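Chemist: The listed protein sequences derive, respectively, from chains Z, F, U, E and W. Counting in this note's numbering, the first sequence runs from 10 upward without gaps. Counting in this note's numbering, the second sequence runs from 10 upward without gaps. Counting in this note's numbering, the third sequence runs from 10 upward without gaps. Counting in this note's numbering, the fourth sequence runs from 10 upward without gaps. Counting in this note's numbering, the fifth sequence runs from 10 upward without gaps.
Quick caveat, the hints were computed from the structure, so don't treat them as lab data. Keep in mind it's a predicted model, so treat the numbers as computed, not measured. Keep in mind that a hint or two might mislead.
Which copy is meant is left open, so a pair is good if it fits within one copy or across any two.
Claimed, not checked - In the SDA-like style, the derived pairs of lysine to any residue whose C-alpha atoms are separated by at most 25 angstroms in a straight line are:
{"id": "1", "residue 1": "377", "residue 2": "226"}
{"id": "2", "residue 1": "265", "residue 2": "287"}
{"id": "3", "residue 1": "376", "residue 2": "224"}
{"id": "4", "residue 1": "215", "residue 2": "152"}
{"id": "5", "residue 1": "350", "residue 2": "361"}
{"id": "6", "residue 1": "188", "residue 2": "272"}
{"id": "7", "residue 1": "188", "residue 2": "103"}
{"id": "8", "residue 1": "272", "residue 2": "39"}
{"id": "9", "residue 1": "126", "residue 2": "193"}
{"id": "10", "residue 1": "126", "residue 2": "49"}
{"id": "11", "residue 1": "273", "residue 2": "44"}
{"id": "12", "residue 1": "272", "residue 2": "364"}
{"id": "13", "residue 1": "126", "residue 2": "280"}
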Amino acid sequence: MPKRSLIHLDFFKKPIDRSMFRIKAKQVGLPPGTLVHVGQQKTEKPVINLIDYDQTHLDSQADITIEEAAAVKETTTVSWINVSGIHDTGLIEAFGQHFDIHPLALEDILNTHHRPKIDEYEDFSLVILKMLFYDDQTHSITAEQISVLLGRGYVLSFQETEGDVFDGVRERIQRGNGKIRQRGPDYLAYALIDSIVDSYFHILEKVGDRLEQIEDDLICNPETEPLSSIYHYKRELLLLRKSVWPLREVINQMHKEASPLIKKSTQIYLRDLYDHTIQVIDTLEIFRDAMTGLQDLYMSTVSNRMNEIMKVLTIMASIFIPITFIAGVYGMNFEYMPELKWRWGYFAVWGFMAGCAIALLVYFRKKKWL
Amino acid sequence: MPKRSLIHLDFFKKPIDRSMFRIKAKQVGLPPGTLVHVGQQKTEKPVINLIDYDQTHLDSQADITIEEAAAVKETTTVSWINVSGIHDTGLIEAFGQHFDIHPLALEDILNTHHRPKIDEYEDFSLVILKMLFYDDQTHSITAEQISVLLGRGYVLSFQETEGDVFDGVRERIQRGNGKIRQRGPDYLAYALIDSIVDSYFHILEKVGDRLEQIEDDLICNPETEPLSSIYHYKRELLLLRKSVWPLREVINQMHKEASPLIKKSTQIYLRDLYDHTIQVIDTLEIFRDAMTGLQDLYMSTVSNRMNEIMKVLTIMASIFIPITFIAGVYGMNFEYMPELKWRWGYFAVWGFMAGCAIALLVYFRKKKWL
Amino acid sequence: MPKRSLIHLDFFKKPIDRSMFRIKAKQVGLPPGTLVHVGQQKTEKPVINLIDYDQTHLDSQADITIEEAAAVKETTTVSWINVSGIHDTGLIEAFGQHFDIHPLALEDILNTHHRPKIDEYEDFSLVILKMLFYDDQTHSITAEQISVLLGRGYVLSFQETEGDVFDGVRERIQRGNGKIRQRGPDYLAYALIDSIVDSYFHILEKVGDRLEQIEDDLICNPETEPLSSIYHYKRELLLLRKSVWPLREVINQMHKEASPLIKKSTQIYLRDLYDHTIQVIDTLEIFRDAMTGLQDLYMSTVSNRMNEIMKVLTIMASIFIPITFIAGVYGMNFEYMPELKWRWGYFAVWGFMAGCAIALLVYFRKKKWL
Amino acid sequence: MPKRSLIHLDFFKKPIDRSMFRIKAKQVGLPPGTLVHVGQQKTEKPVINLIDYDQTHLDSQADITIEEAAAVKETTTVSWINVSGIHDTGLIEAFGQHFDIHPLALEDILNTHHRPKIDEYEDFSLVILKMLFYDDQTHSITAEQISVLLGRGYVLSFQETEGDVFDGVRERIQRGNGKIRQRGPDYLAYALIDSIVDSYFHILEKVGDRLEQIEDDLICNPETEPLSSIYHYKRELLLLRKSVWPLREVINQMHKEASPLIKKSTQIYLRDLYDHTIQVIDTLEIFRDAMTGLQDLYMSTVSNRMNEIMKVLTIMASIFIPITFIAGVYGMNFEYMPELKWRWGYFAVWGFMAGCAIALLVYFRKKKWL
Amino acid sequence: MPKRSLIHLDFFKKPIDRSMFRIKAKQVGLPPGTLVHVGQQKTEKPVINLIDYDQTHLDSQADITIEEAAAVKETTTVSWINVSGIHDTGLIEAFGQHFDIHPLALEDILNTHHRPKIDEYEDFSLVILKMLFYDDQTHSITAEQISVLLGRGYVLSFQETEGDVFDGVRERIQRGNGKIRQRGPDYLAYALIDSIVDSYFHILEKVGDRLEQIEDDLICNPETEPLSSIYHYKRELLLLRKSVWPLREVINQMHKEASPLIKKSTQIYLRDLYDHTIQVIDTLEIFRDAMTGLQDLYMSTVSNRMNEIMKVLTIMASIFIPITFIAGVYGMNFEYMPELKWRWGYFAVWGFMAGCAIALLVYFRKKKWL
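Starting from the given sequences, assemble the full structure and let the hints guide the process.
Modeler: Right under this line is the structure:
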């Protein structure tokens, strides 16, 4: 009785991330620009942080009120206001009023199902991106939406939760001697997006490691059934592609269509960013091709194991079938069967049966089936 | 005797929606612009409703005559005339005369086989869309064609039946304090199309739920044969794609090619609408990829179950074949078979046969086939 | 002995239309513009018909000479000269001389292997199309090439045989009160092409019916082997695609690139025609997708039936193999086999064998293989 | 013992044309424009032929020296110098000096691995094409590179071997009354390219015949294993595609980008040529689709034959297994087996076994497996 | 017992080049333009070589310091500074300062994971390419990144290790009479890139040889299991494609977008280079198609061998099953079995069994299964 099937489905008992199937529709008929949070509430209370700087001056405040945040809007310094937690529509609306943001942009910030995109308004540009995190335990990737709003003299960033990939940017601002302090909000927005794209390389590093491991599993322990890994892996790649592909167009548009908000000196950095995005996409495509190759190989391996089982057993059957027939013949009860009387008949039959079996074995070996 | 096959075809007994195969050709040789209703008659008597409004004034009338409807054409207010039921070619022709609509546009309104499209005429723009409804009982999607005709000062909408997704719009007009009352017919047309695209998200929500359920079925009850669900689901996605893909081009054209009928202030809403359409299409593509993945998995599962059956039975056969041969040998009737006389011959043979069987079992287990 | 195989190849005995493999090359090295008829001669004697009309006047003549036809060239009326039968190169050459047609255009008219195309010359435009006919008996589609030459004041149409889809146009001209009598030759050319595209919908109607029938066959009588239908159907769709796809580009070019021969008032009709062509192409694509789905389903069904056969028989084998072995054991001729002497030995063995068989059946049912 | 396998590999013993795998790299680091012959030397001694003509005059010389050829360069007549054999780099270099040809163009002429392309230089245009020949014996296609260099007042053509498809052009020049004598070198170049494209139709004719024959083989003699034909055929199509696809772009470029070397009167012929190229490509695509269809069908047929074999044999097995068991039962040697003593026991058992067999046959037939 | 499976996985024990899965992310949050070496350190100490030349003068120095190298920057001669070894970020930074190179360009030079690309800065252009090497032992391809920086009057080239494909260029410069000495740095840059593309043809030559060999293996020794070769080969092609495809766009951009750094006289060489790149890509595509064809063929062959094994054995089984049944019948112990008493019963049964077997053999042969 078989204890292990060729393909195990147990892995499905593991919770699969199906968030990508969970489309949340806002109520039909709401006017456009209605502020409704679409997505999961991931944090309890939104936190507003402010970093306000120019070449000589630096002011960093944590957990401030929106009024405090709005106060820096008119200053000539660069103000970076980061909001963690976007489920509070009242807060987002207040931002809209203080910073004079178009309701459609606010609606976009609240809807976490967006693909990466850029929308240019008269006074500001809104870039929506996905921040990706890799969980080393479950080997799963989670995505968090981040909206970067570049206005005149300020940058607003809205994240779903606290915890982001911007610590490097914060440090560079703190340090004070870098390029970032000498440049405007456009460079800051670029630096934020650049951090996100850089973080994709870390995800790819992990995903590449995992691909190697799946390959190793397939080679060394084909019976560990890597199908589960393959299935999960493909979903991860699907999610990655969904997050990264549109980014290419977003950054290309930022680079090519000169918005007045983006200085010429920043353009060259955007081109560099574009190259990085292409690199991410290229790597994803290579992973996908390699994955397909592995899947084909796995399928061949499974089918080959089955074939081998069938072959062994059928060869065994086909050797014993003729000699069982011979044994059957001499089990017949005819009165006149001369061989039965022969002194050496029994041993002759044994010899004949052995001969048959050996002949068949030789034939199979010659045919290279054995 | 097998009571359950691996794949059930019973589901085909359920009526499948084949409306997409039913092409209805109008009579060949009719002059272009001939008004012929192409499609099913879905309602008994066309009903004309009118909502006429501007910032201060609101007039809402149900089931009026065409002459009453035409009377509001020249007013400076925004007039929304909604017609439910388009099989009455006489009525449509009368609309053509009263509102000076090109016969080709009338012909398009009457032909319900259109893909979504926009046609710009000198005095008006005609947008043809599909309204989709999800039936929770049969999990099937039905489509209804809707034509939105944006003229100077009025919007005409033609539906196949009563019952639509515009109640939200009607409410916002009634409420009187919204943006919609301050804006022109272009914004009204946008609001109608926006309602339709919003309703697609509801369909996607249902379709996503169903996808999860099919996945669950596949994992927990592989013997419930989800092939029927998969086949139906693929048809639904085909229908959705057919209705939604061309919409992208339609809305892009509305947004990019500045028609004099559409004010600049409305353009920004159209860009937002375009983003939503892209989101719908993206989700559809993800569903399709996930579906393909599931189908592959299902196929592997079926093939694996078959392999498992074959393996079990063949292993059984290959253990009994050699020992049946041995039993056959000692069933031979040779006069001189020394073993037969041995006191413990019978038990020795039993022992030998058991040994063979155990050796084979060990070999199979070592080969990891067991 | 098997009387019916899973897949029948008998249908191949039916004549398949292989006309699309029959490329007829004209003799290499002939100068371009040499008039050679490429294709089958489908009619005996070419017939020239003339309809000459303007708003007030109508003159219709059948089977006239080319000189009579050429006489109307210079009149201010719209002249439609229809030629049925194009194998007579002399006649086509004479047309070339009387109507001053470029030799390359004449060569194109004579070569029936063209894909739909439009060529604009200085004084005329040549549109080459395929007229399609559906044979209800054989469910096959035949194509006939038609060339529509729009000149100043006249339209020439060249068909391979008599019998076309233009009766509606003729009737509208006869009736005299329609739009067609008030407009020029560009509208006439449009009306002809429109009739052809309209006729495609009829073909699609038939093809859609056939698709439903194939689906029914597959569901209700899977043993009628619909593979033949599927194979034929795919060829038909291939032929349709070949005839219709290029048409899209042809009509788009007529619509977009304003030829002086086409009046602005006719442009709007061309846009409508373009929409219809897109509709035809869309439907073709849906049919193709549905066909692929059906083929997959058919393949699963065949493979499933095979699996079922294998399963039944292998289960039977695996129940009888162990009990046959037991019977073999007690057929051995050892002198000392205590069971053989037992009073109830025979019945005990029967019981044991029945027990084995039942245990196996229970196991198989528990495994859901039965 | 099987005498015929389902798939034969013997055809591989036939020499396959692998020329397309044989990439010949010139020595790395040679300066660009270095003249190295890349390809096989196909002829012994290059032969130069000259045809010099205008409307009134014709001069045709065979096997002349390069100095004689260069002498006609400055005349006002049209000079066509055809070189057969390009392995002599000295000769090509001499041409370069006499006709002032850019070294890169000379390098291209010598490298026979080029895809079809057009390069426009200041004083001349170089078109590189493939001449295709079909070998009726081996059903294989061979390609020969031809370079047509259109200069002011002359056309140079370089072929790998003698023997081409230009005899028709030569004849038309000789005849003297055709269009070709009245026109310039641009028309001559066009006529040469046109001859090549015309010759493709002959190849397609042959290839189409072969496709029909493969189909016939598949239908009437499925055991002749058409896999070899299919494999060869696909390679042929691959080679054809490689030679023809880029041509489309070449001729489009000649047609669209007005080179000063090409007169306006010749443009119309280039458009016609473009149409022919499209026709060739269309036909190739249809052949490819048909080929894929045939391959699918072949695979189904092979798999179906295997299934049929398995089915017949398994049915046989499953009928005999139960009745063999019964025979085994009554072969047991129990002392007390009442049936054995019955007078009609033997015949009753025969009857019972026949009943079992018939019941199974009926069941199988009811299940439509027989 | 089977000694050889149909598919061997031993080849996996060979080290596979997985460098393409090893994505190395630089630390997140580093400012753009931070100089970090990304890749493996392949050499110990960077070596700087200088060749400085014009038409009359030549100066070649090996292993110089950066200050020596920078000294030639302002001269009117062409200076080619080649750096082997890029892991020393200090050195690269020094180059940046001496030659006034943008930090982003320096960052690109240090990151060896780039796809081929061209970045145009104000004062220089940076071209990043892959140099490929073929290892005849392991049949594997290794890639090395090379950055060519074209400035005003100088060319910098940065390689990962010593050893390159530029010896031909060096020789041509040394020789002194070639075109290269008369032209500027743009021609030098072109010559370097041209050497790299030329070297690709050598790789293709080797890869083509290998493809032939795999084909031979498949045909002559199908049991050598070429799956390992196929799998490796596909990875090699994947790597090649990754290195070559983007090159097409790079060279097209150099050719089309006239940079002031590239003289018009060099443009024509770039067009030639573009053609070569297309040729490389075309060949890669053909190899890929041929590979796919081979893989299909291999799969058919494996499946066919399995089918053949099954067929032989099943035929054997189905011949012996009925006659074993007959032997079983006459092994029954009924008291009254008339045949047993017959004198020739035993021989008659032998005859009957032989007849059965022969009849089955004839039937199978008639069915062409044998």
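Chemist: All hints, please: hold or fail.
Modeler: Now the hints, each set against the structure:
{"no.": "1", "hint": "377 to 226", "in the structure": "between (30 angstroms within a copy, 16 angstroms between copies)"}
{"no.": "2", "hint": "265 to 287", "in the structure": "both (15 angstroms within a copy, 22 angstroms between copies)"}
{"no.": "3", "hint": "376 to 224", "in the structure": "between (33 angstroms within a copy, 21 angstroms between copies)"}
{"no.": "4", "hint": "215 to 152", "in the structure": "both (15 angstroms within a copy, 23 angstroms between copies)"}
{"no.": "5", "hint": "350 to 361", "in the structure": "both (17 angstroms within a copy, 23 angstroms between copies)"}
{"no.": "6", "hint": "188 to 272", "in the structure": "within (14 angstroms within a copy, 35 angstroms between copies)"}
{"no.": "7", "hint": "188 to 103", "in the structure": "between (33 angstroms within a copy, 19 angstroms between copies)"}
{"no.": "8", "hint": "272 to 39", "in the structure": "between (38 angstroms within a copy, 22 angstroms between copies)"}
{"no.": "9", "hint": "126 to 193", "in the structure": "within (22 angstroms within a copy, 29 angstroms between copies)"}
{"no.": "10", "hint": "126 to 49", "in the structure": "within (21 angstroms within a copy, 36 angstroms between copies)"}
{"no.": "11", "hint": "273 to 44", "in the structure": "between (35 angstroms within a copy, 23 angstroms between copies)"}
{"no.": "12", "hint": "272 to 364", "in the structure": "neither (91 angstroms within a copy, 86 angstroms between copies)"}
{"no.": "13", "hint": "126 to 280", "in the structure": "both (17 angstroms within a copy, 12 angstroms between copies)"}
The structure fails to meet hint 12 from the earlier list, while all remaining hints are met.
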